[in-house]
Amino acid sequence: DAGVTQSPTHLIKTRGQHVTLRCSPISGHKSVSWYQQVLGQGPQFIFQYYEKEERGRGNFPDRFSARQFPNYSSELNVNALLLGDSALYLCASSLSGADYYEQYFGPGTRLTVT
Amino acid sequence: GDSVTQMEGPVTLSEEAFLTINCTYTATGYPSLFWYVQYPGEGLQLLLKATKADDKGSNKGFEATYRKETTSFHLEKGSVQVSDSAVYFCALRATGANSKLTFGKGITLSVRP
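Those sequence lines, one after another, are chains U and W. Per my numbering, numbering through the first sequence is continuous, rising by one, with the last residue being 114. Per my numbering, numbering through the second sequence is continuous, rising by one, with the last residue being 1113.
Simulated from the structure, these hints should not be mistaken for lab results. Glycine included, every Cβ here is placed at the ideal spot set by N, Cα and C. There's no promise every hint is true.
Mimicking DSBU-like on lysine-lysine, the simulated pairs with C-alpha atoms at most 30 Å apart in a straight line are [said to hold, decoys possible]: (1) W/K1068 x U/K13; (2) U/K30 x W/K1049; (3) W/K1068 x W/K1052; (4) W/K1077 x W/K1052; (5) U/K30 x W/K1105; (6) W/K1052 x U/K30.
Restraint-style ranges between C-beta atoms, simulated for each label pair [stated by the list, open to error]: (7) U/L39 x W/G1078: 30 to 36 Å; (8) U/S65 x W/R1112: 42 to 48 Å; (9) W/K1056 x U/H10: 37 to 43 Å; (10) W/S1083 x U/T20: 33 to 39 Å; (11) W/T1051 x U/E54: 21 to 27 Å; (12) W/K1068 x U/Y101: 21 to 27 Å; (13) W/A1017 x U/P61: 43 to 49 Å; (14) U/I12 x W/P1040: 20 to 26 Å; (15) W/G1029 x U/S96: 16 to 22 Å.
Computed list of chain W residues with no C-beta within reach of chain U, every gap over 12 Å [as the list claims (entries may be wrong)]: (16) V1011; (17) A1017; (18) Q1038; (19) E1042; (20) L1046; (21) A1053; (22) D1054; (23) S1058; (24) F1062; (25) E1069; (26) S1072; (27) G1078; (28) R1093; (29) S1099; (30) T1108.
Please take these sequences and the hints and turn them into a complete structure.
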């Protein structure tokens, strides 16, 4: 079975631009979470979605938004990009939104803001 | 809030050496504890976990015991291999309504032949 997939793999944007990152969960998984991993740091939680509803939000500005589609795939949107948004963005999926299900991580999207 | 503190790295060991990576946490209630590994160019993989005090998680020769009295979850392996070279993250998940993971900064392990 395919694991969590993310697209694109890499992208380069300019300050002030907007970006959309995409994630497809493992088949049968209904929950998707997004994390930001800045170089040299551990991943930081951004959002969790379950059944198209937001279940959790980390300490990120309103420039960050996300949504989940009926097929459980998800998009992370970042507006007005800053240099500090340069990071590896990880998507993780799990069976449901409950806290006891294991999360499976995708390979990430490497975003560089210049 | 919840937090995870890992020992400073990087760590360089010779093959077959003993490994200990320290991890302590701060959290309310009874969190679940995890070790994740990130190999070069790859995503995070769950290495092992423990969900309650005194539980021992183990996988691929790695072990960690959930110590509530010392709020610790140190990772150990008796004999490391070159293939263990990676970045290791300690993480916790608080009990609650969502599956948010709180990670430490990670530590890079390099194993020399």
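Next on the checklist: Could you work out which of the previously given hints the structure breaks and list their numbers from low to high?
Outcome noted: Those not satisfied are hints 1, 18, 19, 20, 28, 29 and 30.
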